[in-house]
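Student: Sequence:
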Amino acid sequence: MPMPSLKHLLPGLALTVFGIADAAQAQNHPFGSHHQAYNASTLSVSAGTAAADSATADFYWKWKSRYVVAGCQAGDYRIKASTGDGAYVVSEGQGYGMLITVMMAGQDPQAQAIFDGLHRYNLRHPSQNNPDLLAWAQDVNCNDILDHDSATDGDLDIAYSLLLAHKQWGSTGSINYAAAATRVLNAIAQSNINPTTRLVNLGDWASLLQQDAPDYYYATRSSDWMLGHFRGFIGHASTDWSKVLSAHQTLLEKMQTTYASSTGLVPDFIIKTNTTTPRPAPAEFLEAPYDGSYSWNACRVPWRIGIDAAISGDTRSRNAASLLSRWIRGKTGGRPNNIRAGYQLNGTAIESYNDMVFMAPFAVAATVDSGGQAWLDSLWNQIVSTPPTEDYYGDTVKLLAMLSVSRNWMTP
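Quick note on numbering: the sequence shown equals residues -23 to -1, 1 to 389 in mature numbering (1 follows the signal peptide of the UniProt record, and there is no 0).
Simulated from the structure, these hints should not be mistaken for lab results. Predicted model only: the values in this text are computed from it and were never measured. Ideal placement from N, C-alpha and C gives every residue a C-beta, glycine not left out. Among the hints, a few may not be true.
[Unchecked claim] Now the in silico label distances, taken between C-beta atoms and shown as ranges:
| hint | residue 1 | residue 2 | range |
| --- | --- | --- | --- |
| 1 | Gly324 | Ser148 | 21 to 27 Å |
| 2 | Thr253 | Lys220 | 17 to 23 Å |
| 3 | Ala156 | Glu261 | 39 to 45 Å |
[Stated by the list, open to error] The calculated DSSO-like cross-link candidates involving lysine-lysine, where the alpha carbons are at most 27 Å apart (straight line), are:
| hint | residue 1 | residue 2 |
| --- | --- | --- |
| 4 | Lys57 | Lys39 |
| 5 | Lys231 | Lys308 |
| 6 | Lys249 | Lys220 |
| 7 | Lys249 | Lys144 |
| 8 | Lys231 | Lys249 |
| 9 | Lys231 | Lys220 |
The task is simple: from the sequences and hints, build the whole structure.
Tutor: See below:
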């Protein structure tokens, strides 16, 4: 079974990107234009817009030099993850790369060529269960490994980024982004949305387990609760994405109220979602001893729900994100370096060390924390002053959080 969220990542190496496949089209919403309106109550960093844009662009170039690499076919690109289990590329990273490059258009003249190359790479690696989804892992030679099925988060980001590409460049060039997005969205609806709960599953493989392994059929991963994506999907393809959005907000509220009323923390995995008593997964349910804790998957939740709250102003999203932000700034005494790499749902730290992938997402949640201006500024300053970690996961989530906080995020 695929385990797309990465816990133990090997250091990255600075690599050169080869070749540009297509001439770039003019972008409609270049990086730094701040075309996307955020909710009026959303906080901005005190450093100012220009400084935030500059810091984000600076880190983008560092990220690109480390993780954007050529594929095995001319014009293809991939994001180098180099995981401890032998995967050189994972679908999660491909989705991240497409999000980043479509939002960096205008800053990087190669953005569209890289985006298109990532998309072409993806098309060469279809899932064995649904060919419009991406097989979740490949080795350095572009061979599919570690099962040939999908991981939900990668395909959600891919679909969302294709909608953004349609908005950014239009669909009259060499790739019809709108049509490609529709194909992926229809595949997600078929293979990644549980028809009973309307919740995202763990991957297309889980959709086949209703009879043989119902615990997995009715499980979900909290880091896949991409509320802003679901909101952006409304009106695209045939699924009623408003029901998908509402189902995830309801489960989020249920988990916070029942298991983490003071912290807002949610576990990596949730089981029994078809019952009135969904609960944290047991240890080693899918990945690790802390599958039922706020760990290496759930650490992305403050970003995923925070960016929806920051842009839409949705009360349910804002309440969930601000609860997380208020708790962590109190827990740490307002000092970002006191954030720890994992927590029990009651707020007890699991590890004694910090990690960027746990820190950066809290900055996004801080933007909707009405009392969090000083906390947001402290987080931002710490994030910006920290050099690349040579860790694909931490560096990539950091860049995505910076795009969110600097108000360079996009919606379809």
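Student: Work down the list of hints and note, for each, if the structure agrees.
Tutor: Tested hints:
no.: 1; hint: Gly324 <-> Ser148: 21 to 27 Å; verdict: 47 Å, violated
no.: 2; hint: Thr253 <-> Lys220: 17 to 23 Å; verdict: 18 Å, holds
no.: 3; hint: Ala156 <-> Glu261: 39 to 45 Å; verdict: 41 Å, holds
no.: 4; hint: Lys57 <-> Lys39; verdict: 14 Å, holds
no.: 5; hint: Lys231 <-> Lys308; verdict: 22 Å, holds
no.: 6; hint: Lys249 <-> Lys220; verdict: 19 Å, holds
no.: 7; hint: Lys249 <-> Lys144; verdict: 38 Å, violated
no.: 8; hint: Lys231 <-> Lys249; verdict: 13 Å, holds
no.: 9; hint: Lys231 <-> Lys220; verdict: 16 Å, holds
Comparing the model with each earlier hint shows violations of hints 1, 7; every other hint is respected.
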